[in-house]
Each structure stands twice: as structure tokens, then as C-alpha cells.
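Undergrad: Residues per chain, in single letters:
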Amino acid sequence: MGIRFILMVNKQGQTRLAQYFEYLTLEERRTLEGEIVRKCLARNEQQCSFVEHRTYKIVYRRYASLFFLVGVDNEENELAILEFIHLLVETMDRHFGNVCELDIMFHLEKAHFMLEEMVMNGCIVETSKANILAPIQLMDKTS
Amino acid sequence: MGSQGGFGQSKEFLDLVKSIGEARSKSEEDRIVLREIETLKRRINEPDIPKRKMKEYIIRLVYIEMLGHDASFGYIHAVKMTHDDSILLKRTGYLAVTLFLNEDHDLIILIVNTIQKDLKSDNYLVVCTALNACCKLINEETIPAVIQQVVELLGHPKEAVRKKAVMALHSFHQRSPSSVNHLISNFRKKLSDNDPGVMGATLFPLYDLITIDVNPHKDLVASFVNILKQVAERRLPKNYDYHQTPAPFIQIKLLKILALLGSGDKKSSEQMYTVIGDIMRKSDTASNIGNAILYECICCISSIQPSPKLLETAADAIANFLKSDSHNLKYMGIDTLGRLIRISPDIAEQHQIAVIDCLEDPDDTLKRKTFELLYKMTKSSNVEVIVDRMIDYMISINDNHYKTETASRCVELAEQFAPSNHWFIQTMNKVFQHAGDLVNPKVAHNLMRLIAEGFGEDDDMSDSQLRLSAVESYLKIVDEPKLPSAFLQVICWVLGEYGTADGKYSASYISGKLCDVAEAYSSDDVVKAYAVTALMKVYCFEKAAGRKASLLPECQSLLEVLSASHSSDLQQRAYEFQAILDLDANAIENIMPLDASCEDIEIDKSLSFLDNYVLKSLEQGAEPYIPESERSGTLNISKIRNHNAYEHPTHSLRFEAYEVPKPVVPTKIPSTVTYPTDIVPVTVIVSEPSYQPSVQPSWPLVPVSDAGSGSGSTELKLRLDGVQKKWGKPTYSSGASSSISNFESDRTTVNGATQINTLISKPREPRQSNVEVSEEKQKLAASLFGGKTSRSKKKQSGGAAGHSKVSRTTNHGEDKVQPAAVPVTVTTAVQPPPPDLLDLGEPAGDTSSYSSTVDPFKQLEGLVDLSQDVNATASATTSNGPDLMSLYSDADLNGSLNQNPNAMNGSVNPSKKTASLTKGPSLKDALDKDALVRQMGVNPTSQNPNLFSDLLG
Numbered sequence: 001m002g003i004r005f006i007l008m009v010n011k012q013g014q015t016r017l018a019q020y021f022e023y024l025t026l027e028e029r030r031t032l033e034g035e036i037v038r039k040c041l042a043r044n045e046q047q048c049s050f051v052e053h054r055t056y057k058i059v060y061r062r063y064a065s066l067f068f069l070v071g072v073d074n075e076e077n078e079l080a081i082l083e084f085i086h087l088l089v090e091t092m093d094r095h096f097g098n099v100c101e102l103d104i105m106f107h108l109e110k111a112h113f114m115l116e117e118m119v120m121n122g123c124i125v126e127t128s129k130a131n132i133l134a135p136i137q138l139m140d141k142t143s
Numbered sequence: 001m002g003s004q005g006g007f008g009q010s011k012e013f014l015d016l017v018k019s020i021g022e023a024r025s026k027s028e029e030d031r032i033v034l035r036e037i038e039t040l041k042r043r044i045n046e047p048d049i050p051k052r053k054m055k056e057y058i059i060r061l062v063y064i065e066m067l068g069h070d071a072s073f074g075y076i077h078a079v080k081m082t083h084d085d086s087i088l089l090k091r092t093g094y095l096a097v098t099l100f101l102n103e104d105h106d107l108i109i110l111i112v113n114t115i116q117k118d119l120k121s122d123n124y125l126v127v128c129t130a131l132n133a134c135c136k137l138i139n140e141e142t143i144p145a146v147i148q149q150v151v152e153l154l155g156h157p158k159e160a161v162r163k164k165a166v167m168a169l170h171s172f173h174q175r176s177p178s179s180v181n182h183l184i185s186n187f188r189k190k191l192s193d194n195d196p197g198v199m200g201a202t203l204f205p206l207y208d209l210i211t212i213d214v215n216p217h218k219d220l221v222a223s224f225v226n227i228l229k230q231v232a233e234r235r236l237p238k239n240y241d242y243h244q245t246p247a248p249f250i251q252i253k254l255l256k257i258l259a260l261l262g263s264g265d266k267k268s269s270e271q272m273y274t275v276i277g278d279i280m281r282k283s284d285t286a287s288n289i290g291n292a293i294l295y296e297c298i299c300c301i302s303s304i305q306p307s308p309k310l311l312e313t314a315a316d317a318i319a320n321f322l323k324s325d326s327h328n329l330k331y332m333g334i335d336t337l338g339r340l341i342r343i344s345p346d347i348a349e350q351h352q353i354a355v356i357d358c359l360e361d362p363d364d365t366l367k368r369k370t371f372e373l374l375y376k377m378t379k380s381s382n383v384e385v386i387v388d389r390m391i392d393y394m395i396s397i398n399d400n401h402y403k404t405e406t407a408s409r410c411v412e413l414a415e416q417f418a419p420s421n422h423w424f425i426q427t428m429n430k431v432f433q434h435a436g437d438l439v440n441p442k443v444a445h446n447l448m449r450l451i452a453e454g455f456g457e458d459d460d461m462s463d464s465q466l467r468l469s470a471v472e473s474y475l476k477i478v479d480e481p482k483l484p485s486a487f488l489q490v491i492c493w494v495l496g497e498y499g500t501a502d503g504k505y506s507a508s509y510i511s512g513k514l515c516d517v518a519e520a521y522s523s524d525d526v527v528k529a530y531a532v533t534a535l536m537k538v539y540c541f542e543k544a545a546g547r548k549a550s551l552l553p554e555c556q557s558l559l560e561v562l563s564a565s566h567s568s569d570l571q572q573r574a575y576e577f578q579a580i581l582d583l584d585a586n587a588i589e590n591i592m593p594l595d596a597s598c599e600d601i602e603i604d605k606s607l608s609f610l611d612n613y614v615l616k617s618l619e620q621g622a623e624p625y626i627p628e629s630e631r632s633g634t635l636n637i638s639k640i641r642n643h644n645a646y647e648h649p650t651h652s653l654r655f656e657a658y659e660v661p662k663p664v665v666p667t668k669i670p671s672t673v674t675y676p677t678d679i680v681p682v683t684v685i686v687s688e689p690s691y692q693p694s695v696q697p698s699w700p701l702v703p704v705s706d707a708g709s710g711s712g713s714t715e716l717k718l719r720l721d722g723v724q725k726k727w728g729k730p731t732y733s734s735g736a737s738s739s740i741s742n743f744e745s746d747r748t749t750v751n752g753a754t755q756i757n758t759l760i761s762k763p764r765e766p767r768q769s770n771v772e773v774s775e776e777k778q779k780l781a782a783s784l785f786g787g788k789t790s791r792s793k794k795k796q797s798g799g800a801a802g803h804s805k806v807s808r809t810t811n812h813g814e815d816k817v818q819p820a821a822v823p824v825t826v827t828t829a830v831q832p833p834p835p836d837l838l839d840l841g842e843p844a845g846d847t848s849s850y851s852s853t854v855d856p857f858k859q860l861e862g863l864v865d866l867s868q869d870v871n872a873t874a875s876a877t878t879s880n881g882p883d884l885m886s887l888y889s890d891a892d893l894n895g896s897l898n899q900n901p902n903a904m905n906g907s908v909n910p911s912k913k914t915a916s917l918t919k920g921p922s923l924k925d926a927l928d929k930d931a932l933v934r935q936m937g938v939n940p941t942s943q944n945p946n947l948f949s950d951l952l953g
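First to last, the protein sequences are chains A and B. Just so you know, UniProt numbering puts 70 at position 70 of the first sequence, and the rest follows in order with no gaps. Just so you know, UniProt numbering puts 579 at position 579 of the second sequence, and the rest follows in order with no gaps.
Be aware that a few hints might be false.
Just some of the chain A residues that point at chain B, by a computed CB distance under 8 Å [claimed, not checked]:
#1 R4
#2 K11
#3 A18
#4 Q47
#5 F50
#6 E52
#7 A64
#8 S65
#9 L66
#10 E83
#11 E101
#12 F113
#13 I124
#14 S128
Facing chain A, a subset of chain B residues (Cβ under 8 Å, in silico) [what the hints assert, rightly or not]:
#15 D193
#16 G197
#17 N328
Here are the computed lysine to any residue pairs in the SDA-like style, where the Cα-Cα straight-line distance is at most 25 Å [what the hints assert, rightly or not]:
#18 K129(A) - S10(B)
#19 K57(A) - R368(B)
#20 K80(B) - L107(B)
#21 K376(B) - T55(A)
#22 K430(B) - V526(B)
#23 K376(B) - Q416(B)
#24 K323(B) - T55(A)
#25 K158(B) - P135(A)
#26 K57(A) - D595(B)
#27 K41(B) - E12(B)
#28 K51(B) - K39(A)
#29 K57(A) - N320(B)
#30 K189(B) - L236(B)
#31 K51(B) - E22(B)
#32 K323(B) - G277(B)
#33 K229(B) - N44(A)
#34 K218(B) - G277(B)
#35 K141(A) - D595(B)
#36 K323(B) - E775(B)
#37 K141(A) - K218(B)
#38 K117(B) - S143(A)
Don't read these hints as lab results, they were simulated from the structure. Ideal placement from N, C-alpha and C gives every residue a C-beta, glycine not left out.
Extracted from the complex, chain A is given alone in its bound form (with noise of 0.2 Å):
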């Protein structure tokens, strides 16, 4: 499986963006997001970015007042999704310019489409910048 759920949270502990690759109820999402931002917000620059959380390992990374928490299983290569997550927040950057907590909020499907390029079932299928912002700079145009 891999990935099994992003987050974005910022520093008060406001989710701005999550993606879940396997079905949690609403209830459980709650408590889980709580659990787990909560555990990792407590933790300073020096420590590992990565926490264990029940059955999920957690890769954060922070980005100004922004974390990035990823949710894998066992066998994932944390340092690689760690890096992924930079990632991540380059190709938001190349598309936003500059990229800040507020894009993300205005555009929160933009956010969601550009993760839907770049993970499907939890792998992370697409690393290629422009490969992930082509459709949707395509479908910009267009409509």
C-alpha cells in the first residue's frame, strides 16, 4: 500500500488539506489527525522527522507555518518519502509561485489534483514536475 494518508496541518494544528488512500470514517479521521498532529507538533527540529502512531508511520516536514505529515506503512523508505514531500511542495511552488498556507486554501482542488497526478492506491507513480502540472494547467486553460 505505501502511502496511506497526506496531511497538511499548520502549526496551530488546522488541517488545510488531507488525503486518505484507505476508507476511515469521519469520526476516526478526527481522532486520528488529533492523535497524530498532536504528537508531532510536540517534537522539535532536531528529532527524527518520523514518528510511529499505531500501525502508521508518520514523515513529516515543515514548511514555514506548514506541515506536510505522511502516513505510511512498514515497509516504506522513510528518507524517500521525505523527500518526497519536497517534492510535493516544489511542484506546488512552480505552479503558485511562491507557494504559501493561502494558495493551498484558495485552490484546495489545484492542491488535490496535483496530488492525484503524483500518488494513485498510495504509490507515488509521477515525480516528473511537468508531467504533474500539464493536466492542469491544460484544464486552466480550457475552462
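Since the structure of chain A is already known, use the hints to place chain B on it.
TA: Quick look at chain B alone, frame taken from chain A:
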């Protein structure tokens, strides 16, 4: 510009986003969302909503669910939107549906049709969107509706479509492997697709297939190796590079596949050696992504048939990981060490200090990983130190999930490697005391059995020593408050069985303790049941031994209370006890034989002692019993009816298969059987209520036995049925008995070793080294790793933690070779717990912790005050740059980003310092964006300036 220009969004939407963005607390956010739900409920059902507007509503629904509230009232509108002709609206609709619904939701059926239509579209974007939806929305039942179309799309001229078609099939395979079994050749074919993206996607289904069964895919080894080689040699298009590393994610997946294929297969493994060696040599150890590949190489090396040369390279890489300052790399180092240790056990030794540093690190992730490593390398020589540490850790954490895990690991290791009975009992006590309610109840039963049976030696002395030390330790512990129930059960049982066994403690002393327990835990019926039976045993043993046995007054009052208990089990136990009081010593000895919990219980499964009774009944005209197998259908039904009449008077018809009544036959039983009843009060309690009512009305064949031997003993007999498997020797359940036999065999060798150990181990002078490493740490290292080299020879114990002076000569050597691994500073006290940033429930607390921990926030506030107009604020944001950069560089451990000239959307900043001067691709764009956002009333002076911080700095 397109993406950010104008936004094309309504004021209402912008206001919503703004207010959510500025919400200060979870409760404020909730208020906003609840209000929004009300608004949307009204609006979304209005007629003739323009499409653009509807799209916005849908996104607002997404917000509602994302923030944890139910938006199901609008699902149907998202479904409708998937029908739209505009690709943007259609995709938004699909997106919302995939976020809202799981594959089994009722509404999905409305979408399957749309997906089918979209898969046929001429517009490849529409096809891609539909394929995305396939991955998430098509369940096992609907696969047949689309699979044919998806397979055809594997040959689509657009690579993006082919790639997504592969992934759609992958998701079908995950849901229902049989649905795509006939399509496996397609995956293999697509491996040679011209497009690297399609090839890369194919690796996922192939990986899954290989995980299930390696053999049919062995022939692909050469192809995989070849692809990996080409990727590593940069034959792929440049846009797959990530920070100058060629297609790292594809490389990693290939290495994972090779690890599976090469496992235990020398021939396949040999084909991989060269390419793995090449990749490791080329990998860039200064970047995260380089290390990610390196890590995957090591995983692969430790999985395939070992190659000495590669193992050496891997060991070097691990050493570098462990030496690194980065916690992430240390973590990877510990992880890979745990993998390699299976193949070359000696490798851990040179890293002992590094490992201990990680163990003592305040970072919980690292610590836990290190415990995992220790768990893997535990043997009889270091079990004491490791288990002691694990227990300390277990006590220190609050997370029940990991507490349970650690506790069961402690138990497992202790059972496997315990050097002495005493240590074993002490260890189990600690585990039970701190995590008793979390460990598997089986562990408690195992412990009781171990104490009862001893460790399988013939030597009765050591068995009774074990029991005595258990009794002593329990007497010490039992007064402590709030012991877990499972532990108290063990304590009561052992005190009852062996408390007075060797005369060290008087019966009244033990009885007093047991009464205390029953009183202190009066809400726990199970514990009380154990306690009262233990009291009974103590009494019986006294009386049988011919001593004058009298009941303590508190015991008497306990019996009085219990005989009026709501629990029928407790009541019964109390009555039994009272009945016993009147019996003479001889009878008592038969009822409660001393130390007989391990004796065999003979169960007459054919119930031959009932033959006479059956004969008599038959003579009196009872119908003969017909075995289930011989019953004909008609007869069966009539019987069912008959029994139904008894058992379910309210039911009229019942045609489903009927369970044959089991001949549960209460009778007199041999009196020796009674003793172990106390072991299973749980089963008793559970079974009793269901049993009793059913007996009386519905068993015409089996009259309740006359109370000659006391109904108590009849019931006892029934209880024993459940007990037997666990406790009677001959009928142990197979799992339990095998574990015990393992344990026994281990024990014997270990005990041999411990004895030798006491002769051999003598204190050596503490190691001198010019590098300051605390003596404590070295001792720990010695006791952890000490036994390593002599593994095959005699096992040597390192002694208890912190007391071991056994530092082996090999350690001296190793430490000198590896001075770099020895850190100069000694990690000291655990850092104070970091402040909780997340208390959204309390706005006030939140704000304070927020401002106290966040520097960019403060900075911005200060800066923003200076400026009101666009330009000034832009520069304010700009000057905020360095700070964000530093945040970023902290996150990006190896600074991998700035090594890459074309990393960030063509920004021309060669170094981090100058990055602050230019703002993104175009200063003008950024300013425009700022201005626009500001017009909407969101500006950095408002409540949450962080919304504006550039993520990438």
C-alpha cells in the same frame, strides 16, 4: 499567472477561507463550519445554480468534511457534478466524490455509468480523470463493468492514460486479485513501455504479485536489473531527475523488487551484485535522496544471498549513518543495523557506543527503534540488561499501544532467555505490576503454570526455591496499591497454592494477606474469587497437615459477605468453603490435595459411568440416542421441532441448521477432580448464567442430578471441561505446550551457562580511553555487546545493568579501532517535555503557546506595523525570508535543495542567503498576488500572518 490571477472566486468563498484561516482555536473553527453548513444546506438546493457557483459549493463541502464535520447532505450534488461536460467541473466532482465516499457507498452506483462513459471520451484528460476515479470508487462488484475498457486503455497513445490504466488495474488487483489474474501478462508487457512513467507504474502491481509468489517472476530478474542499470546510468529523460539523482523513486522500487526476488536465491542474487555495488558507489551521501537510495540498497543486500563485498560496503554505509549528526540518518542506521545483524552478527559491536547514544536519546522515535534493534540481538548473555531497560522504558511511557508491545516483548525475551528463576520471577513481577492489564491473559496463566511445574528439572529443590521466591516477592508486592487484576490473580493463586508450603509463613499470615486483597479490590469479582479459593486452600492444607486450623475473623466475615454476593460464582465458592469447614481432615485431603495442580485429570470422554443410567432409562421407555450422522432429514426436522418447543417457545418456525443438543451430563465425579476449579473463575462466571436456565426446562433426557454429592460438585465438573485444556497436562493446547517446551530447552542450556558464568566472570579494570565516555555507558555497552564474539562458545552473562564489570577484551580492541564512533559529549538528562502546541480547545492557552514558540510570527508582526502599502509589505514578507529559509534548511537536513541549480521553479538564487532578495519567479507576480489577497481583506496584519509565509522561502 492563470492559476493565481483573479482567483475567480466569490466574495463569500473568500470570506469563508479567510475566516477559517484566521480562526484561532478549534472551537472557533467549528463555529465557522457549523454556520457554513447551515448556509450551504439552504443554498445548495436552490434551483438553477450556475455551474461555477456549484463548483464552489462543492469545494466548501470538501472544507466541511476536511475540518471534521458531516457534509453528507451535499454528496448528491458532487455526484451530479461528475456528469458535467466541463473537464474542470467534472474533475472537481470526481475529486469530491472520492474524498467523500468509500467504494461501498450507495451513491457509487450512480457514478459507475459516468465512469464508463468517460473512459470512452476523446479527451484524454477526461479519460485520466475517470481512471483516477476507478482507483478509488470501483469495488469488487463493479470491476467487471469497467475492466475491459481499462485494459484497452493500456494501449492508449497518451502515456498519462496508459500509466493510469496500469494503476487502475493495480487497484482492481488489490481489491480482488482474481479479477485481474488473467491480465498479469499485461503488467509484464507494460514493463517495456517507452514511457518511463508507465514503466515505473508497472512496478507497483509487479511488486505486489512478487510479494504473493516470487517464483513465476524469477525470469524478470534480468529485466529489472537491466532497467535499474539504465536508470542509474541516467538514460531516463532529465525531468525524472530529482535533485540530480536519476529517478530515485523508481530506483527504490526496483531495489525493493530485487530484494524479494533475490531472497534465498543465489543465482538471481549474483545478477544483482554489480548494479547494487555501482549504485552504492555513485550515491550522493550528502543528500537525503542519495541516502534514501543507499538505505534501500542496504535493505536489498541484507535480503538477498549475501555477498561479502557488498556486506562490507553496507557496513561502511551504516557506520556513516550512525556517525551522522542527523537523527534521521541515525534512525536509518539503527534500522539497517537491525537488518544486517542477522547476516553478520558481529557488526553491532563496533557501533555499540553509537547504539547506546541512540538508546539514551530523548527522541522517542530513535529510542524505540533502538529497542527494536536490542530486541533482535537479545541473547542469554545480555537479556538482563536489555529487559531491565525495556521495563524502565515501558514504565516511562503512557501510550498503551507501545506499553503493550514492550511488555509482551519483555515477557517473550524473559521466557526465552531467563538466566535464573529468581530473575524471571522478578521480571515478570515488574511487567505485571506496570502493565498487567495490558498483557495477554495467557501470560498470567503461563506464569502460574511455570511456578507450579517448575522449570522442567527433576530437582525438586530448585522448584520449591522458585516457589518460595515467588511467594516472598508476592508478599512484598501485595500491599502496594492498585495492582492490575491479572497480577492479583496470579498472586492469589500462588499464595493459596504455595503460601504455606514450606512452613516459612504461617497460615494466618497468608490468610490475612488474602483477606486484605479481597477487601481492597472488592469491586473485582475475579480477584475475589481467586482470593476466596486461595483461602480455602490454605485452610485445607492446614487441616490436612493435622494442624489446628481456624478461620480468621476477617475471613469469616468475608465469607458471610460473599455468600450473599450478587455473583453466583462467588456465592458458590463461599458456600463450598463453608461446607468444607465441617469436614474432617481425611475428606479434606481428598478434596484439596496438596500441590496437585499439575496432576493429570482423567476425563472419561465416553461417559461410560453413565451406561447404567442410560440402560435404566431405556428400560423405562426412553427413546434411544441416534448419533447425528445417522439421523435422516425428516427425523431431524421433527426433532428440531420438538426441541424448539422446549427451547424457543416463542418461535413458530425455525428451519436453519440446528445445533444438536450436547449431552452435558451432570454426575458425580471423582473427588480428586475438584481442586483446580479456582484457576478459571472467568469461564465459570461467563458460562454459568447461560447454563443454568437452559438446564432445567429443556433437558428431558438429562434430569438434574440429585443433590447427593452437592450441586456444587456437579457444577465443578462442568467447569472443568473448559479448564482442562489449559491445565491438565495431557491435553494442553498444542501452542501452549510447544512454547513451554521451547522454554524448557532454553532454560537448561541457560542454566548451565549461568553456573559457568559465576566461575568465569571476574571484574576487570574499567577501560581507560582518551575520549571521555562515561563509565556508565561503557558498562552498558559491555553488558549489551559483551557476549557477542563468544556467541558460539559459552554464554557469558553481563550481569545486571550498571553493575557489570565484565568488559571483554574484544571490546577494547573494537573501541580503539572506532574512536570516531565515540561521541565526545555525553548525553545527559532527559529534556523536559516540549510544550503542547496543540491545545485548540482553549483559545487563550493556544495563543500564548503559539506566540511563545513561534518566531516568524513575531517578526512579521513587528514588520507589518511599519507598512501599509503593497510595496512595503512585499518587502516585509521578503525580509522575512531568511527566517523562513532557516526553518526550511532545518527541515532539509542536508541542504539538498541548494545544491540543485534548477530545483526551484527557475528561481535564480544560487545560495540561501541571496534567496531572500528575490521573491519567487517574478517579483511582480508575487506583488500582484499580495495585492489581490489584501483586497479581499486578508492581510498580514490580520490574525494569522502565517498564511502568507512562503513555504519554500
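Undergrad: Now look at each hint and say whether the structure bears it out.
TA: Evaluated hints:
1. R4: violated, 13 Å
2. K11: holds, 6 Å
3. A18: For A18(A), the interface hint holds, since the closest Cβ of chain B sits about 5 Å away, which is under 8 Å.
4. Q47: With a minimum Cβ separation of about 4 Å from chain B (threshold 8 Å), the hint on Q47(A) holds.
5. F50: holds, 5 Å
6. E52: It holds, given that the least Cβ distance between E52(A) and chain B is near 6 Å, below 8 Å.
7. A64: For A64(A), the interface hint holds, since the closest Cβ of chain B sits about 4 Å away, which is under 8 Å.
8. S65: Interface hint status for S65(A): holds (3 Å vs cutoff 8 Å).
9. L66: holds, 6 Å
10. E83: holds, 5 Å
11. E101: Hint holds; E101(A) Cβ to chain B Cβ min 5 Å, cut 8 Å.
12. F113: holds, 7 Å
13. I124: holds, 5 Å
14. S128: Since the shortest Cβ distance to chain B is 4 Å, the answer is holds.
15. D193: violated, 13 Å
16. G197: Since chain A brings a Cβ to about 6 Å from G197(B), closer than 8 Å, the hint holds.
17. N328: Interface hint status for N328(B): holds (5 Å vs cutoff 8 Å).
18. K129(A) - S10(B): Not satisfied, since the Cα-Cα distance of roughly 30 Å exceeds 25 Å.
19. K57(A) - R368(B): holds, 12 Å
20. K80(B) - L107(B): holds, 10 Å
21. K376(B) - T55(A): holds, 20 Å
22. K430(B) - V526(B): holds, 21 Å
23. K376(B) - Q416(B): holds, 13 Å
24. K323(B) - T55(A): violated, 29 Å
25. K158(B) - P135(A): Given pair K158(B), P135(A) holds - Cα atoms ~12 Å apart, limit 25 Å.
26. K57(A) - D595(B): violated, 49 Å
27. K41(B) - E12(B): holds, 15 Å
28. K51(B) - K39(A): Measuring from Cα to Cα gives roughly 41 Å; hence the hint is violated.
29. K57(A) - N320(B): holds, 24 Å
30. K189(B) - L236(B): Cα-Cα ~19 Å, so holds.
31. K51(B) - E22(B): With a Cα-Cα distance of about 28 Å, the restraint between K51(B) and E22(B) is violated, given a limit of 25 Å.
32. K323(B) - G277(B): holds, 22 Å
33. K229(B) - N44(A): Since the Cα atoms of K229(B) and N44(A) sit roughly 39 Å apart, the hinted pair is violated (cutoff 25 Å).
34. K218(B) - G277(B): Holds - the C-alpha atoms of G277(B) and K218(B) are around 21 Å apart, at most 25 Å.
35. K141(A) - D595(B): violated, 87 Å
36. K323(B) - E775(B): holds, 20 Å
37. K141(A) - K218(B): violated, 47 Å
38. K117(B) - S143(A): At roughly 21 Å apart (the allowed maximum being 25 Å), S143(A) and K117(B) satisfy the hint.
Checked against the numbered hints listed earlier, the structure breaks hints 1, 15, 18, 24, 26, 28, 31, 33, 35 and 37; every other hint is satisfied.
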